[in-house]
Amino acid sequence: AQVSLPYLKLSIQILRSFGAKICKRGDYLRISRGKLCIPEHFRVDSDASTAAYYAALGALRPQGIPISLALDPAYTQADMMIFDILADMGANVHWSDDICTITPGRLISQRLDLKDAPDLMPILSILALFCEGQTVVTGIARLARKESNRVLGIRRALDRIGVKYEYGDDFLKIYPIADKDLLAVQLDTQYD
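Take the position in the sequence shown, starting the count at 1, then add 7; the result is the number in the numbering used here.
Worth flagging that the hints you see were computed from the coordinates, not collected in a lab.
Beta carbons: idealized from backbone N, C-alpha and C, even for Gly.
Worth double-checking, as some hints may not be accurate.
As the list claims (entries may be wrong) - With beta-carbon atoms standing in for the labels, derived distance ranges:
#, residue 1, residue 2, range
1, Gly140, Asn99, 15 to 23 angstroms
2, Asp176, Ala81, 31 to 39 angstroms
3, Asp176, Phe25, 21 to 29 angstroms
4, Gln20, Leu67, 30 to 38 angstroms
5, Gln141, Asp195, 19 to 27 angstroms
6, Asn99, Ala151, 17 to 25 angstroms
7, Leu22, Thr57, 18 to 26 angstroms
8, Pro73, Ala27, 51 to 59 angstroms
9, Asp120, Glu154, 17 to 25 angstroms
10, Ser18, Ala94, 22 to 30 angstroms
11, Ile72, Gly41, 41 to 49 angstroms
Unchecked claim - Calculated lysine-lysine pairs in the DSSO-like style (CA-CA distance at most 27 angstroms, straight line):
#, residue 1, residue 2
12, Lys31, Lys171
13, Lys153, Lys122
14, Lys28, Lys42
15, Lys42, Lys31
16, Lys31, Lys153
17, Lys153, Lys180
18, Lys153, Lys171
19, Lys16, Lys42
20, Lys31, Lys16
21, Lys180, Lys122
22, Lys28, Lys16
23, Lys16, Lys153
24, Lys16, Lys122
25, Lys171, Lys122
All chains, full assembly: derive it from the sequences and hints.
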């Protein structure tokens with residue numbers, strides 16, 4: 008099964024910080040038997056996957072939004088790429104210590120490869136509706152085998168919203184929606 012390599016590396020890094028002996032060879036991991044030394048206190052970083060929804064809101068909300076993120080630079084979450092994606096799209100992204108403030112800008116579509124950050128697909132699919140031009144998202148084939156069939160769920164959501172899109176084995180091209188065409192709809196989260 009295909010995995011998000013950055014998250015596998017993060018898991019290995021955290022396990023090693025607890026004393027696990029892990030050897031990686033090619034596509035295989037060998038975890039040696041032994042005792043883990045779990046510290047009495049361990050700081051857990053903010054969840055970048057959850058923060059992505061608020062970050063996208065900041066790119067659309069006229070007054071923007073500040074997000075407080077407690078992050079250890081030693082541990083990298085792939086979904087942190089949301090902030091670079093938003094900046095590349097044209098949103099204003101400003102960091103000050105652990106606060107990231109996102110304010111709207113002129114959003115321009117991008118070509119995005121999400122093979123390492125598949126959890127960003129749902130929110131970026133919605134954000135694409137507000138970009139100028141067509142947003143192409145690749146690296147999505149395995150999303151059909153996540154907690155739910157995310158590609159099918161996203162396509163159903165786009166159908167309910169009434170937007171044009173093109174779908175292939177490993178890509179989704181999403182066309183923008185005009186404000187006048189935007190209707191309030193109820194979307195199915197598929198328990199995901």
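Now for the hints, and whether the structure bears them out:
1. A hinted range of 15 to 23 angstroms holds for the C-beta pair glycine 140 and asparagine 99, which are about 19 angstroms apart.
2. Between aspartate 176 and alanine 81 the C-beta distance comes to about 37 angstroms, which sits within the given range of 31 to 39 angstroms.
3. A hinted range of 21 to 29 angstroms for the beta carbons of aspartate 176 and phenylalanine 25 is inconsistent with their spacing of about 39 angstroms.
4. The hint said 30 to 38 angstroms for the Cβ distance between glutamine 20 and leucine 67, and at roughly 34 angstroms that hint holds.
5. At about 25 angstroms, the beta-carbon gap between glutamine 141 and aspartate 195 stays in the expected band of 19 to 27 angstroms.
6. In this structure the supplied range 17 to 25 angstroms is violated for asparagine 99 paired with alanine 151, their Cβ-Cβ distance being about 35 angstroms.
7. Roughly 23 angstroms separates the CB atoms of leucine 22 and threonine 57, a value that falls within the hinted 18 to 26 angstroms.
8. For the pair proline 73 and alanine 27, the supplied restraint of 51 to 59 angstroms is violated, since their beta-carbon distance comes to about 37 angstroms.
9. Between aspartate 120 and glutamate 154, the C-beta spacing of about 21 angstroms keeps the proposed range 17 to 25 angstroms intact.
10. Between serine 18 and alanine 94 the beta carbons are some 28 angstroms apart, a value that agrees with the proposed interval 22 to 30 angstroms.
11. At about 44 angstroms, the CB distance of isoleucine 72 to glycine 41 agrees with the hint of 41 to 49 angstroms.
12. Taking the CA atoms of lysine 31 and lysine 171, the gap is near 44 angstroms; set against the 27 angstroms cutoff, the hint is violated.
13. For the given pair, lysine 153 sits about 13 angstroms from lysine 122 by alpha-carbon distance, which is consistent with the 27 angstroms threshold.
14. For the given pair, lysine 28 sits about 10 angstroms from lysine 42 by alpha-carbon distance, which is consistent with the 27 angstroms threshold.
15. Between lysine 42 and lysine 31, the direct Cα distance comes to roughly 19 angstroms. Compliance with the 27 angstroms bound is thereby established for this hinted pair.
16. This hinted pair checks out: lysine 31 and lysine 153 have alpha carbons roughly 24 angstroms apart, not beyond 27 angstroms.
17. At most 27 angstroms may separate the alpha-carbon atoms for a hinted pair to count; lysine 153 and lysine 180 meet this at roughly 20 angstroms.
18. Simply put, lysine 153 and lysine 171 have alpha-carbon atoms about 24 angstroms apart, close enough for the 27 angstroms limit, and the pair holds.
19. For a cut-off of 27 angstroms, the pair hint linking lysine 16 to lysine 42 stands: about 20 angstroms separates their Cα positions.
20. Under the criterion of a C-alpha separation no larger than 27 angstroms, the hint pairing lysine 31 with lysine 16 is consistent with the structure, at around 10 angstroms.
21. Of the supplied pair hints, the one linking lysine 180 and lysine 122 holds, its CA atoms being roughly 15 angstroms apart against a limit of 27 angstroms.
22. Note on lysine 28 and lysine 16: the hinted pairing holds, with a Cα-Cα distance of about 14 angstroms set against a maximum of 27 angstroms.
23. Taking the CA atoms of lysine 16 and lysine 153, the gap is near 19 angstroms; set against the 27 angstroms cutoff, the hint holds.
24. As the CA atoms of lysine 16 and lysine 122 are separated by approximately 15 angstroms, the hinted pair is consistent with the 27 angstroms bound.
25. Between lysine 171 and lysine 122, the direct Cα distance comes to roughly 23 angstroms. Compliance with the 27 angstroms bound is thereby established for this hinted pair.
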